[in-house]
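Whole structure, please, built from the sequences with the hints as guidance.
Number of protein chains: 2
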Amino acid sequence: MKVIVDAMGGDNAPRSNVQGALNAVKKYGVDVVLVGDGQILLECLKGLGVENLPKGLEIVHAGEVITMEDDPATAFRRKKDSSLTVGLELLNGGAGDAFVSAGSTGALLSAATLLTKRVKGIRRAALAPVVPTGNGGAVLIDCGANAECTPEYLLQFAYMGSFYAQKVLGRQAPKVGLLNIGVEPSKGTGLQKETYLLLEEADRSGGLNFVGNVEAREAVEGTVDVIVADGYAGNIFLKTVEGAGKLLGRQMKGMFKKNLLTKLAAVLVKDGIREFKALMDADAVGGTALIGISKPVIKAHGSSNEVAIQNAIRQGFTLAQSGLIDDITAHVGYMSMEREKMCGESVEKS
Amino acid sequence: MKVIVDAMGGDNAPRSNVQGALNAVKKYGVDVVLVGDGQILLECLKGLGVENLPKGLEIVHAGEVITMEDDPATAFRRKKDSSLTVGLELLNGGAGDAFVSAGSTGALLSAATLLTKRVKGIRRAALAPVVPTGNGGAVLIDCGANAECTPEYLLQFAYMGSFYAQKVLGRQAPKVGLLNIGVEPSKGTGLQKETYLLLEEADRSGGLNFVGNVEAREAVEGTVDVIVADGYAGNIFLKTVEGAGKLLGRQMKGMFKKNLLTKLAAVLVKDGIREFKALMDADAVGGTALIGISKPVIKAHGSSNEVAIQNAIRQGFTLAQSGLIDDITAHVGYMSMEREKMCGESVEKS
Numbered sequence: 001m002k003v004i005v006d007a008m009g010g011d012n013a014p015r016s017n018v019q020g021a022l023n024a025v026k027k028y029g030v031d032v033v034l035v036g037d038g039q040i041l042l043e044c045l046k047g048l049g050v051e052n053l054p055k056g057l058e059i060v061h062a063g064e065v066i067t068m069e070d071d072p073a074t075a076f077r078r079k080k081d082s083s084l085t086v087g088l089e090l091l092n093g094g095a096g097d098a099f100v101s102a103g104s105t106g107a108l109l110s111a112a113t114l115l116t117k118r119v120k121g122i123r124r125a126a127l128a129p130v131v132p133t134g135n136g137g138a139v140l141i142d143c144g145a146n147a148e149c150t151p152e153y154l155l156q157f158a159y160m161g162s163f164y165a166q167k168v169l170g171r172q173a174p175k176v177g178l179l180n181i182g183v184e185p186s187k188g189t190g191l192q193k194e195t196y197l198l199l200e201e202a203d204r205s206g207g208l209n210f211v212g213n214v215e216a217r218e219a220v221e222g223t224v225d226v227i228v229a230d231g232y233a234g235n236i237f238l239k240t241v242e243g244a245g246k247l248l249g250r251q252m253k254g255m256f257k258k259n260l261l262t263k264l265a266a267v268l269v270k271d272g273i274r275e276f277k278a279l280m281d282a283d284a285v286g287g288t289a290l291i292g293i294s295k296p297v298i299k300a301h302g303s304s305n306e307v308a309i310q311n312a313i314r315q316g317f318t319l320a321q322s323g324l325i326d327d328i329t330a331h332v333g334y335m336s337m338e339r340e341k342m343c344g345e346s347v348e349k350s
Numbered sequence: 001m002k003v004i005v006d007a008m009g010g011d012n013a014p015r016s017n018v019q020g021a022l023n024a025v026k027k028y029g030v031d032v033v034l035v036g037d038g039q040i041l042l043e044c045l046k047g048l049g050v051e052n053l054p055k056g057l058e059i060v061h062a063g064e065v066i067t068m069e070d071d072p073a074t075a076f077r078r079k080k081d082s083s084l085t086v087g088l089e090l091l092n093g094g095a096g097d098a099f100v101s102a103g104s105t106g107a108l109l110s111a112a113t114l115l116t117k118r119v120k121g122i123r124r125a126a127l128a129p130v131v132p133t134g135n136g137g138a139v140l141i142d143c144g145a146n147a148e149c150t151p152e153y154l155l156q157f158a159y160m161g162s163f164y165a166q167k168v169l170g171r172q173a174p175k176v177g178l179l180n181i182g183v184e185p186s187k188g189t190g191l192q193k194e195t196y197l198l199l200e201e202a203d204r205s206g207g208l209n210f211v212g213n214v215e216a217r218e219a220v221e222g223t224v225d226v227i228v229a230d231g232y233a234g235n236i237f238l239k240t241v242e243g244a245g246k247l248l249g250r251q252m253k254g255m256f257k258k259n260l261l262t263k264l265a266a267v268l269v270k271d272g273i274r275e276f277k278a279l280m281d282a283d284a285v286g287g288t289a290l291i292g293i294s295k296p297v298i299k300a301h302g303s304s305n306e307v308a309i310q311n312a313i314r315q316g317f318t319l320a321q322s323g324l325i326d327d328i329t330a331h332v333g334y335m336s337m338e339r340e341k342m343c344g345e346s347v348e349k350s
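So the sequence lines, in the order shown, correspond to chains A and B.
Residues in the first sequence are numbered from 1 upward in steps of one, following the working numbering.
Residues in the second sequence are numbered from 1 upward in steps of one, following the working numbering.
Heads up, simulated DSSO-like pairs for lysine-lysine below, C-alpha to C-alpha not over 30 Å straight-line: (1) 257(B) to 258(A); (2) 258(A) to 277(B); (3) 263(B) to 253(B).
Don't read these hints as lab results, they were simulated from the structure.
These figures come from a predicted structure and were not determined experimentally.
Below is the structure:
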């Protein structure tokens, strides 16, 4: 397995990316290709105390960097020698099995969609993080790649999320829920009401284990394995979980810092505190899979540190090994069949 | 001040409603009118050890109860002798200053809109809970009354939420944020993009302190006083905060329950644990104001216990004393002026 890493993307690039790659090579025995300015990367390695490229680590030069100031839709074309564009071209050419970037989400999404392309028949790629929930995490699909969705997109997200929960998280017959403001089929906006019917039909046909609408509270508590949402609502959900985790983490920290006795208490429950933190730790997950693209692509957090990069690399080869994309590819006809059967007219318009 | 309470609405009615009313009369010196089946209420009082109606507590008989099986849109008309309908008619007639119900949200919303009516010029009433955030709570408007919204609704929600934060929470020049998936004006769906322009204009004209889009994470952390959202997204936000609070609360509980030493730790930080719980305690808030209605109406949680009912009653008279509705009424023309200036065509269609 070989993972291609955009060494220049992210707030802490290239240092965290390089260190994360070094860790991954050592820890997982995976090969890593760092893509970025060769001179800078060699200096960075030197700064980290590495004089010679270790076995399993390669550098491919790319002279440009896509920044937050670049137009995400066109950046990869205007900067053909960017680490993002060169990295994806390497992926397309078969020089690696997965691609990881902590750079601009929009630029990665555009570039992956237009250079690496979606699985044929998939209408939109979606960002599908594994969010912390009471049942050990759930796949949230989409969380921001597509602010506006059609019922058809959501149907495809449901299938892709279900395959992901099966292949990557190892869930059997994953429970798929539609994120909504009540459990009744009549709840939500037109989008949820229409999507509900499609998912119900997919469940009847045996393709999905659709358990109905899921309210955000129950989704966090862990009643489903896959949370289907448009990118706007999914992003609100994800960021709210993160915000609440931070707020309550800070509250807990304050609780232990009051005086000597509370500090003693912190020592007594230090394992518990570590578990509490781990529950909400974005770095431990590493990144978010971009599902629907024809090859494994992982978006790492913009603020990724070396641990997050290392974990995103692990996620990259796990995704490549999982056979998820083959599964999606094999079932696209099925999703399409569903689609044409269920919503003939609205599909023809789209 | 006199608060009318739907004694029959809610999972724990009438017992919790009656006990909550007793507490409120005693604690706040407020008068309370309990509306419900007289016989049942008298027996309930007896069961609580109260033989004679205490000063400040009245009972008004209403022989019917609206249940979750009734159609929320028409229940108040079909059951004219229900505690909900009778209670709102009392409010309309001036027999009390505010109305509290823990019954069906949909039924309350329909009944309040059609019996008590909206403030003239306000297009939609909104549910506006104060959600737990890092800055001591923020007004979330709407959280589920209107799954689908127009930019005009959101503009009015922004104004109403801002007045609420000022009058009830005592915030000076409340910071108003539009719940979105990024801070740039181009983020979100068409709804957010259009609303952004309206809010920006309202800010320029001095009517609002609009600080721009706010991401869910920052909203939870407490960067704004008012979070403006359509009912679908607002509900996802609110329920996610609640779910994360429950999940992390449970995690913390587990952390202290492991062994004797961790139980000792719990004793050492017991004040902190209480504060942690209080931060996410829905009962402490009591209920959610239904803003935009021409009289103060509070929706208490369906699962309200006596503490929640007591606090919802407090919220009711606080709202009545605040002058919020007068403020909204006085400024409706202003909101309308904005509206016509900014989005003439789309308004005419609606």
